[in-house]
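Chemist: The task is simple: from the sequences and hints, build the whole structure.
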Amino acid sequence: MNIVQELLFVIALGAGIYLFTGKARQIWRNISLGRDVALNDEPGKRFRNLLLLAFGQKKMFRNPLVAVLHFFVYAGFLIINIEILEIVLDGIFGKHRLFAPVIGSLYGVLIGCFELLAVTVILGCAVFLIRRNILKLKRFVSKDLEGWPRSDANYILITEIVLMLLFLTMNTADQVLQSRGVEHYTVTGSFWVTGQFTFLLSGLSDGTLIAIERACWWLHILGILAFLNYLPYSKHLHIVLAFPNAYFSDLRPKGKMENMPAVQHEVAMMLQPELAANAPADAAMPKFGAKDITDLTWKNLLDAYSCTECGRCTAACPANITGKLLSPRKIMMDTRDRAEEVGLNIKKNGSFQDDGKALLRDYISEEELRACTSCNACVEECPVSINPLHIILQLRRHLVMEESSAPQEWNMMFSNIENNMAPWKFSPDDRDRWATES
Amino acid sequence: MHIRTMADYAASGESPEILFWVGCAGSFDQRAQKITKAFATILDAAGIQFAILGKEESCTGDPARRAGNEFIFQMMAQNNIQLLNAYGIKKIVTACPHCFNTIKNEYPELGGHYEVIHHATYLQQLIDEGKVRMKEGGSFKGKKITYHDSCYLGRANNIYEAPRKVLEALDSELVEMKRCRSKGLCCGAGGAQMFKEEEKGTTRVNFDRGAEAVATGASVIASNCPFCMTMLTDGVKEQGKEDSVQVLDIAEMIARDLAQGN
Chain H
11 MNIVQELLFV
21 IALGAGIYLF
31 TGKARQIWRN
41 ISLGRDVALN
51 DEPGKRFRNL
61 LLLAFGQKKM
71 FRNPLVAVLH
81 FFVYAGFLII
91 NIEILEIVLD
101 GIFGKHRLFA
111 PVIGSLYGVL
121 IGCFELLAVT
131 VILGCAVFLI
141 RRNILKLKRF
151 VSKDLEGWPR
161 SDANYILITE
171 IVLMLLFLTM
181 NTADQVLQSR
191 GVEHYTVTGS
201 FWVTGQFTFL
211 LSGLSDGTLI
221 AIERACWWLH
231 ILGILAFLNY
241 LPYSKHLHIV
251 LAFPNAYFSD
261 LRPKGKMENM
271 PAVQHEVAMM
281 LQPELAANAP
291 ADAAMPKFGA
301 KDITDLTWKN
311 LLDAYSCTEC
321 GRCTAACPAN
331 ITGKLLSPRK
341 IMMDTRDRAE
351 EVGLNIKKNG
361 SFQDDGKALL
371 RDYISEEELR
381 ACTSCNACVE
391 ECPVSINPLH
401 IILQLRRHLV
411 MEESSAPQEW
421 NMMFSNIENN
431 MAPWKFSPDD
441 RDRWATES
Chain G
-10 MHIRTMADYA
0 ASGESPEILF
10 WVGCAGSFDQ
20 RAQKITKAFA
30 TILDAAGIQF
40 AILGKEESCT
50 GDPARRAGNE
60 FIFQMMAQNN
70 IQLLNAYGIK
80 KIVTACPHCF
90 NTIKNEYPEL
100 GGHYEVIHHA
110 TYLQQLIDEG
120 KVRMKEGGSF
130 KGKKITYHDS
140 CYLGRANNIY
150 EAPRKVLEAL
160 DSELVEMKRC
170 RSKGLCCGAG
180 GAQMFKEEEK
190 GTTRVNFDRG
200 AEAVATGASV
210 IASNCPFCMT
220 MLTDGVKEQG
230 KEDSVQVLDI
240 AEMIARDLAQ
250 GN
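Taken in sequence, the protein lines are chains H and G.
Going by the working numbering, the first sequence opens with residue 11, and the numbers climb by one from there.
Going by the working numbering, the second sequence opens with residue -10, and the numbers climb by one from there.
Please note that a few of the clues may not be correct.
[What the hints assert, rightly or not] Pairwise CB distance ranges, derived in the manner of DEER restraints:
1. H:K146 with G:A204: 23 to 29 Å
2. H:P74 with G:S1: 57 to 63 Å
3. H:D347 with G:A(-1): 53 to 59 Å
4. H:I89 with G:G100: 50 to 56 Å
5. H:R262 with G:K130: 37 to 43 Å
6. H:F30 with G:K172: 34 to 40 Å
7. H:I89 with G:G229: 44 to 50 Å
8. H:N269 with G:A204: 25 to 31 Å
9. G:K130 with H:R45: 52 to 58 Å
10. H:K153 with G:D232: 51 to 57 Å
11. H:P74 with G:G100: 42 to 48 Å
12. G:S128 with H:A286: 57 to 63 Å
13. H:K146 with G:P97: 29 to 35 Å
[Unchecked claim] From the derived model, a few chain G residues whose C-beta atoms are all more than 12 Å from chain H:
14. C13
15. I37
16. E59
17. K79
18. M123
19. L163
20. K185
21. R193
22. R198
The set of hints was computed from the structure by calculation and includes no laboratory data.
All of these numbers come straight from a predicted model, not from anything done at the bench.
Backbone N, C-alpha and C fix where the C-beta goes; we use that ideal spot for every residue, glycine too.
Modeler: Quick look at the structure:
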């Protein structure tokens, strides 16, 4: 019997990991579709960002109450992994509570801590469900989230609650079985939380209790494996990608826009023709700005996959606050959706076959892009270092430089700068007139 | 006050302590010209040897770049850098956060390396060094003032305290808006929005910000950016408060209350 269980367990574990790696490789491939940028400089600062933003949740604490609840769920997730390690080893070797004899009396303390974490996870998730579905906070009822994204969020929260309840029920049944000296159930003593609830199950027979304990054990670990495979299809992927994304976050001042060396070079030749004589012949005409996800950087795409659709960016966006179409969260969701679409296209056809679509217009409209004030509020707010502004500005470059598509007023501004050296139509000779007036 | 240009200094073989980068708004916009004059007055009173570029100055290229026109940005930037380098300029002060951001953060990659200071930081330094002193019982003493963080000074470059320190020197009462510092709300003009109509929405960004600023009960809204100045002034008008609430640049406020013998 045990051998069968062990075998089934190994098969389930193997299948879970195999499927997850397959999907993870697709995501890795999709992110690699972006253009290359070097983000490996200053590792010291990058590790600092990783520690502060991802491990330390620094940005979350801009809203302390929610941050504490999120921290519960986050810490619960990270630390309960030790418990999962024991479960996995138990499953493979057909043992029960493998770590108990090794750790000794500390084992009860450890499990007690896990149980407290499980309770705080349940508490956090319940409050989050209430905020989303009953209090209907503005950023959670926004139309950005219509359909799948809204259900996705609820599925995750409910699954986490169920997984924690299974863990707690399993421990409760286990303790009753221990107290009866049932074979195989290692005696560990009472656990902090579930130890208080053994009376609920004490009337049941050994057989029923074993059935409950085993069912919870299996559902818990199968649930975790299922959840692992749900992650890559879900906004919840941030629990993995927040870490690399924080490491690779932009270290430059937020006001600095990415330079375009091709244009810089072109203009330098124009201004100093004497340089052009010695310059090597130019390669193919470069692309200006971004029209589709392959024109964006891999960091932009990593950003898109790291986004958990919390909407703090959109809630702080001045354009969105004043009713414009622009929503930085939607920019990130669109980028991810388009990356997934391109990925599927590649999977189906072996290489990308033109589908007549692009990120620009099929996903993100000109009107959205035009509304951005480049104020960096979205960048400032993002807890996992996503930069929607960088994508917006690259798409704007495509509109203006590849399509000459700009509002008439901007075209006037451009020609004023070109002809009068100022965005307004004033004579350059009047530039210092203020100095002579009293 | 006689304002000298870099060309004047070069002709006499001297070099000024700082270059005052006036910027397009500060040069041409009638309201912003007052900020320019106020700042020049302060520099003069503090005995700072400064120059402007005068007719030689051009737009930094900021609005063109943010609208997506990298060509025009590069033309402006490379021309400006050539000029600044030709004059051997080391230190630049400007009253415009957009010029400040572009010259400080974007010109180095194109070969323009200068110490760039926004006037909020520079004013704070002058006050700290005692070069600028305020008269006793100035016109802002005890008055309620609220300060609007410009995005390009605040979030873009993490300068939040210097302008507030400058306001402290006025002995006024600073009341913060709920959205301040890194949570500050944009005035609506950045990213080249200054030069076009807003997209369709339920309201304008500057109306929202104007209402928030007026709601603090402050009689003065302090700003540090000529674009914010325009937008906030409109926002205050929209609230019908233009008679009771003034929008002033921190340089104008300091210039108004300079002590004699500065």
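Chemist: Of the numbered hints stated previously, which ones are contradicted by the structure, given in increasing order?
Modeler: Violated hints (numbers, rising): 7, 8, 10, 13, 14, 16, 20, 21 and 22; every other hint is consistent with the structure.
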